[in-house]
Amino acid sequence: MFTAKKFSDLTVEELNAIYIARSKVFTVGQQLTVQEPDLADRQAVHFFSQNDAGEVVAYMRLIDLEKIEDDHYEQVSGAYALSRVAVLKTLRGQGMGRKLLDAAIQWVRDETEATKIIIDAQAYLRDSYYAPVGFVQVGEEFREAGLPHVKMILEL
Amino acid sequence: MFTIKNFDELTNTELYAICAQRVAVFVVEQNCPYQDIDGLDPRCQHMFVMNNGEIDAYLRVFDRGTVDDHHSPRREGVASLGRIITGPKARGKGMGHQLVAAGIEHVRTTMPHVHTIFISAQEHLAETYYGKHGFERVSEVYLEDDIPHVDMELKL
Chain A
1 MFTAKKFSDL TVEELNAIYI ARSKVFTVGQ QLTVQEPDLA DRQAVHFFSQ NDAGEVVAYM
61 RLIDLEKIED DHYEQVSGAY ALSRVAVLKT LRGQGMGRKL LDAAIQWVRD ETEATKIIID
121 AQAYLRDSYY APVGFVQVGE EFREAGLPHV KMILEL
Chain B
1 MFTIKNFDEL TNTELYAICA QRVAVFVVEQ NCPYQDIDGL DPRCQHMFVM NNGEIDAYLR
61 VFDRGTVDDH HSPRREGVAS LGRIITGPKA RGKGMGHQLV AAGIEHVRTT MPHVHTIFIS
121 AQEHLAETYY GKHGFERVSE VYLEDDIPHV DMELKL
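Residue numbers (this note's numbering), protein chains in the order written: chain A, 1 to 156; chain B, 1 to 156.
If you are wondering where the hints come from, they were derived from the structure by calculation, not from laboratory data.
All values reported here derive from a predicted model rather than from experimental measurement.
Accuracy of the hints is not assured; some may be wrong.
To be verified - No more than 30 angstroms apart at the CA atoms, straight line, and that leaves these computed lysine-lysine pairs for DSSO-like: (1) A:Lys5 <-> B:Lys155; (2) A:Lys99 <-> A:Lys6; (3) A:Lys151 <-> A:Lys24; (4) B:Lys132 <-> A:Lys24; (5) B:Lys93 <-> A:Lys24; (6) B:Lys5 <-> A:Lys6.
As the list claims (entries may be wrong) - The calculated label-pair distances, taken between Cβ atoms and stated as ranges, are: (7) A:Val138 <-> B:Asn51: 38 to 46 angstroms; (8) A:Gln94 <-> B:His133: 47 to 55 angstroms; (9) B:Lys89 <-> A:Glu55: 28 to 36 angstroms.
Said to hold, decoys possible - A partial selection of chain B residues facing chain A, derived with a Cβ cut-off under 8 angstroms: (10) Ala20; (11) Val23; (12) Val28; (13) Asp41; (14) Pro42.
Ideal placement from N, C-alpha and C gives every residue a C-beta, glycine not left out.
Take these sequences, add in the hints, and give me the full structure.
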């Protein structure tokens, strides 16, 4: 159901479909005028589900924080980050977001040596989405791209 | 000087650079949260200059006789140029004019059935920029994503 691919393994059609989905969810859906896409894409694993028409309907990117070289991510040994977590509006309320998160965590468990997953979560999703699978907030709420965020960690 | 490619000839690195620079200019710089990555790109040709992994100048070209999109209804014999940008680092060197001239020349030489080139121009550029290449206003000024635009055409 979910595909996990490094940037260089994506087809150009898949990459375009990912960017359409992210544009819909973040730029338009949340009216964000931040740089999207950004350079971290090229170092990320892209984790997504497509419908029969090839549209990406659920997406996130997974970043190896031990190796990342990017201004927006601090290096952390033994950790992966989840970011740009997105489900198309038309698919919401059907458990797709939950499946996406569960599958991504399982992928990190199975495919990497990471001992924890870190996320800068939009604050409104803290209790309803991330806490139920074991993510715990660390530190205070902060603003990023004008929206309240919290850092959360899941120990694997 | 300019590279021109069909969508399926683009590398992932090129598509990334194109999308990143379009969003940098149209979404971030102009503070306009609209869906720049709109799904039309697979049916366009992409003309660009890249420098150290960044896009200096870009436009996309498509044959309106083969595309039917809610923003761009089908019109036989018409080609559209769109998403015309120069990157922040490349401005003030005349590259934008070279780009538009190359786009027009590309349509002339490779699309013999096309008699008209259409653009939806940001209004402040109508005379200073597109008018210099022979484009003339064919509509009243209208707002698109809150930015004044005007339709312009160049008869070949």
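Quiz item: Within 30 angstroms, alpha carbon to alpha carbon, are Lys5 (chain A) and Lys155 (chain B)?
Solution: With a Cα-Cα distance of about 46 angstroms, the restraint between Lys5 (chain A) and Lys155 (chain B) is violated, given a limit of 30 angstroms.
I want to verify a distance hint. Is the separation of the beta carbons of Val138 (chain A) and Asn51 (chain B) within 38 to 46 angstroms? 41 angstroms, holds
Is Lys93 (chain B) within 30 angstroms of Lys24 (chain A), Cα to Cα? 34 angstroms, violated
- May I ask you to test the interface hint for Ala20 (chain B) with respect to chain A, counting a Cβ-Cβ separation under 8 angstroms as satisfied? Since chain A brings a Cβ to about 5 angstroms from Ala20 (chain B), closer than 8 angstroms, the hint holds.
Check: Regarding the pair Lys151 (chain A) and Lys24 (chain A), is the alpha-carbon distance no greater than 30 angstroms?
Finding: 24 angstroms, holds
Can the restraint linking Lys132 (chain B) and Lys24 (chain A) be considered satisfied, given a maximum Cα separation of 30 angstroms? With a Cα-Cα distance of about 35 angstroms, the restraint between Lys132 (chain B) and Lys24 (chain A) is violated, given a limit of 30 angstroms.
Quiz item: Hint check: is the beta carbon of Val28 (chain B) less than 8 angstroms from a beta carbon of chain A?
Solution: 6 angstroms, holds
* **Outcome of range test on Cβ distance (Lys89 (chain B), Glu55 (chain A); 28 to 36 angstroms)** => 34 angstroms, holds
Inset, instruction - With a cut-off of 30 angstroms on the C-alpha distance, tell me whether Lys5 (chain B) and Lys6 (chain A) pass. - result: Holds, at about 23 angstroms.
Quick check on a hinted range of 47 to 55 angstroms for Gln94 (chain A) and His133 (chain B), using CB atoms only. At 50 angstroms between Cβs, range holds.
Just to be careful: measuring from the Cβ of Pro42 (chain B) to every Cβ in chain A, is the smallest value less than 8 angstroms? OK, holds: Pro42 (chain B) within 8 angstroms of chain A, min 7 angstroms.
message = Tell me if the interface restraint on Asp41 (chain B) is satisfied: Cβ within less than 8 angstroms of some Cβ in chain A.
response = 6 angstroms, holds
Hints 1, 4, 5 from the list above are not met by this structure, while the remaining hints are.
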